[in-house]
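Asker: So you can see what is in the structure, the chains are spelled out below.
Number of protein chains: 2
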Amino acid sequence: MSIMEFTPNKQAKTPLYEQVAQRVSKMIEQGTLRPGDRVPSIRRLSQQLQVSINTVKEAYGFLEDRRVLKARPQSGYYVSARRPAPPAAPSLSRSQISPTRVSLGEVSQMIIRDTLNPELIQFGCAIPDPALLPTDKLARMLGTEARRHPIESVSYAVPPGCEALRTQIARRMVQAGCNLSPEEVVITTGCSEAMMLALRALCAPGDIVAVESPVYFNFLQLIEQLGLRALEIPCTPNEGMSLEALEYALEHNRVKACIVITNFNNPLGCLMPEGKKRQLVEMLGQKGIPLVEDDIYGDLSFDEERPSVAQRYDSQGEVLLCSSFSKTLAPGYRVGWIAPGRYQKRIEALQMVMNLCSATPTQLAVAEFLANGGYDRYLRSIRREYAKKVACMSEDIGRSFPEGTRVTRPRGGFTLWVEMPTKVDSLELYDRALKHGITITPGPLFSASGKYRNCVRLNAAFYSERTAGALATLGRLACELATS
Amino acid sequence: MSIMEFTPNKQAKTPLYEQVAQRVSKMIEQGTLRPGDRVPSIRRLSQQLQVSINTVKEAYGFLEDRRVLKARPQSGYYVSARRPAPPAAPSLSRSQISPTRVSLGEVSQMIIRDTLNPELIQFGCAIPDPALLPTDKLARMLGTEARRHPIESVSYAVPPGCEALRTQIARRMVQAGCNLSPEEVVITTGCSEAMMLALRALCAPGDIVAVESPVYFNFLQLIEQLGLRALEIPCTPNEGMSLEALEYALEHNRVKACIVITNFNNPLGCLMPEGKKRQLVEMLGQKGIPLVEDDIYGDLSFDEERPSVAQRYDSQGEVLLCSSFSKTLAPGYRVGWIAPGRYQKRIEALQMVMNLCSATPTQLAVAEFLANGGYDRYLRSIRREYAKKVACMSEDIGRSFPEGTRVTRPRGGFTLWVEMPTKVDSLELYDRALKHGITITPGPLFSASGKYRNCVRLNAAFYSERTAGALATLGRLACELATS
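As you go down the protein sequences, you meet chains A and B in turn. Using my numbering, count along the first sequence one by one with no gaps and you end on 488. Using my numbering, count along the second sequence one by one with no gaps and you end on 488.
No lab work stands behind these hints, which were simulated from the structure alone. Bear in mind that the values here come from a model prediction, so they are computed numbers and not experimental data. Mixed in with the good hints, there may be bad ones.
A pair holds if it fits inside one copy or across any two, identical chains being indistinguishable in the list.
[To be verified] Lysine to any residue pairs mimicking SDA-like chemistry, simulated, CA-CA at most 20 Å apart:
#, residue 1, residue 2
1, K349, M114
2, K291, G377
3, K260, Q229
4, K141, R151
5, K349, R117
6, K74, E322
7, K427, E123
8, K349, R415
The following block holds chain A by itself, in its conformation from the complex (with noise of 0.2 Å):
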């Protein structure tokens, strides 16, 4: 096995055990490592990287709990046994492309709201582990702040919102490439108002807009709700959106927005590179058409770095981005913004007309964890654990699914999504799982012309030694639909 091409990067954010964790992942990907081989000694390959022994460790810990290796006693790191295969990418059939529609059912909100049933197990929604969450520090930070600012947290936090919060939002998204000033961020109550606001302020009724496919369900149900027509552009799992889907669209159909989520897109997990972000501004903004990008799970990347935003190669104040605290640190608090662009204006009229503003305290709270709960560490220690759960979740979906079963490999956030052999029927899988307590989100959702039958996503998040058993009960049942 040869790595001398292994240079490391010390000027890199990335520290030097994730660069070799990297490199020897990228061996087992280009198959030099194959299931069940032993991977070089700790020792070993301390000298042949020529870094430190605790650097090996940590990298062969890191890959452990990804369940890319196992150890095993007395003998070393292993290449795990099997891995479970990334899904075919979509089919590109153009002439699927035609604008639909939507008319979903009320399976959405029945998944929403099991999310109240404590006696389920939640692989439903995608909802952050409730015991990963900073509750105690952000109760403290609640009472404290809302004594500290008695006025100011009973009283309106009038568009454009909390001014301390929209301050912390534009400082951190400079990691993200973006270049806000607090001026240019509107507090809105969760990401679902941001989205919500900037469909309206974009669209009338029978405007078409266009989707990544799958989407998230609730873009479908929002479009609907306006009178919007859905164009489902087809993805790929790896790097988001096609783009020449998008473009091809775009010629046959006058699309008044675009809705893409760049990072860690829901469901499926991708990132879309850096190069198809510049590439997709610049492709909507030639023909004058505003992107809504929705940077929800940006925070929770497996790497270390964290992705950066499309609308950083925005000029023209097209892009609108939307994201929210929902995913990282409290759902309940509905703590989103958007930097609406050169729509600021109009949004902020609209948000003053529709709920007047979001509540106070909540903004002031998640403005202090920001500027003084450690964020940043917090986040390091929450996307480990994601990764973990993402790994062993997609593993045990490996041993127990039909055969034929795919599943993504999502780079960060918490959601897999798994296409099941054909037969299976994901609204007949929810109906059994949920007879067994458990919760999970059928495909057809993720699309309005009732595609992706045979598909699931499913919430890692939850996932654990405890839930495990109930993985395997629904693979079981998907077993049981596959062959019956």
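Chain B: place on chain A using the hints.
Answerer: Relative to chain A, chain B alone:
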């Protein structure tokens, strides 16, 4: 002076001193006692009415607070010299009742934004005085409730929202004659989200909505945003919407929904009498038109008893009752609610798509305040304060505004509607007042058809000795405009 017909009602919730005060007020209204007259001494009235000395003292104090009486040292109580006259009832000219497409400017936004400027005297926005709000107790409850419910407080309060809060609301609304179960209440982001959801659930673009005239400007903006049309129904300043005018309007227009603020209407402060509430519900019920009832000021009665809501007369689920704690506890908490009758499923589904849900921690804190914060005691004290402020401000308007100015006599809430001589342009007055650091709400905002150019709405919540000079300035500016 004969007050023999006084019979204390010991079963009534109204305390004895207030019954005495009402009796004295009536004699003034009837002209038995005239401005400048000395009222009976405390001892004498106590003997005449067979009540204690203390009861009469309290009654006179109550009337002094409201500027009905004036104490002169060593001499006794006198009927106040001058009381502002109520405005003439708005013209019921039927030719005006035709639907109008709303198109309002940015003045209302500016007025809400003005609240951010602590240098300005806040006579514009209808917000409570933060100095009267229970900020300390709320801040403490925010922290303790978040700690007591660590998981719930960071989790989504999925529609219908936090159960503890819905239970408290259902219990409290018994006082208003409502028979609601907690399951029939849906928590919203303030009353504005409640209204928005109601209109979205009931109407489609182009539909006609009947509203009071003058009408709270945010309703007009909402109607505009949703592409609906407003049909303005005249109000009398004492009893609210004219049912005769409404009946006529319903015969000549296809009205899809009707919005009424039944209790202490904004801006008039009037209270729709019980019989009229019933009649309103019956009239709309017969025509199958849903009523969106806004009761946001219902808890702020100047009398001891809380008025009931029209919803109590509804047996079809066709009244959507909306309210919030923004006028009583904390605007910035954004805790409102709707009891949507038979539209509940639609409202919840809509809310999940538009905003998902409201912030949880503020819901928990308000629920705790209602359960254990002494809300009733607190309400008694602020109601007394607002009654005092409204009375003082009315009287001082009479002193400094141009001859012929008329002012409403609200029976609850804290807004005053001031009708000035026709020469006074309230938009011009707004501009001039702002230069003096005073913000007001010009009358045309309260109409879709540009009425009320010579009217302003004033917020009495901030009226005090500190701001009395600003009111005198405002009066002077109005006088200048009246004589220019």
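Asker: Against this structure, judge whether each hint is valid.
Answerer: To see whether the hints hold, each was checked on the structure:
1. In this assembly of identical chains, the alpha carbons of K349 and M114 lie at most 20 Å apart only when taken from different copies (12 Å versus 36 Å within one copy).
2. When the C-alpha separation of K291 and G377 is checked against a cutoff of 20 Å, the pair qualifies neither within a copy, at 43 Å, nor between copies, at 58 Å.
3. For the homomeric pair K260 and Q229, the shortest alpha-carbon distances inside one copy (16 Å) and between copies (19 Å) are both at most 20 Å.
4. Taking the shortest Cα distances, K141 and R151 sit within 20 Å of each other both inside one copy (15 Å) and across copies (9 Å).
5. In this assembly of identical chains, K349 and R117 lie within 20 Å of each other by CA distance solely across copies; the values are 13 Å between and 35 Å within a copy.
6. Taking the shortest alpha-carbon separations for K74 and E322, neither the intra-copy value of 48 Å nor the inter-copy value of 64 Å comes in at or below 20 Å.
7. Taking the closest pair of Cα atoms, K427 and E123 never come within 20 Å of each other, the shortest separation being 29 Å inside a single copy and 69 Å across copies.
8. Proximity of K349 and R415 under a CA criterion of 20 Å is satisfied in neither setting, with 35 Å inside one chain copy and 38 Å between copies.
Hint compliance for this structure: hints 2, 6, 7 and 8 are not met, and every other hint is.
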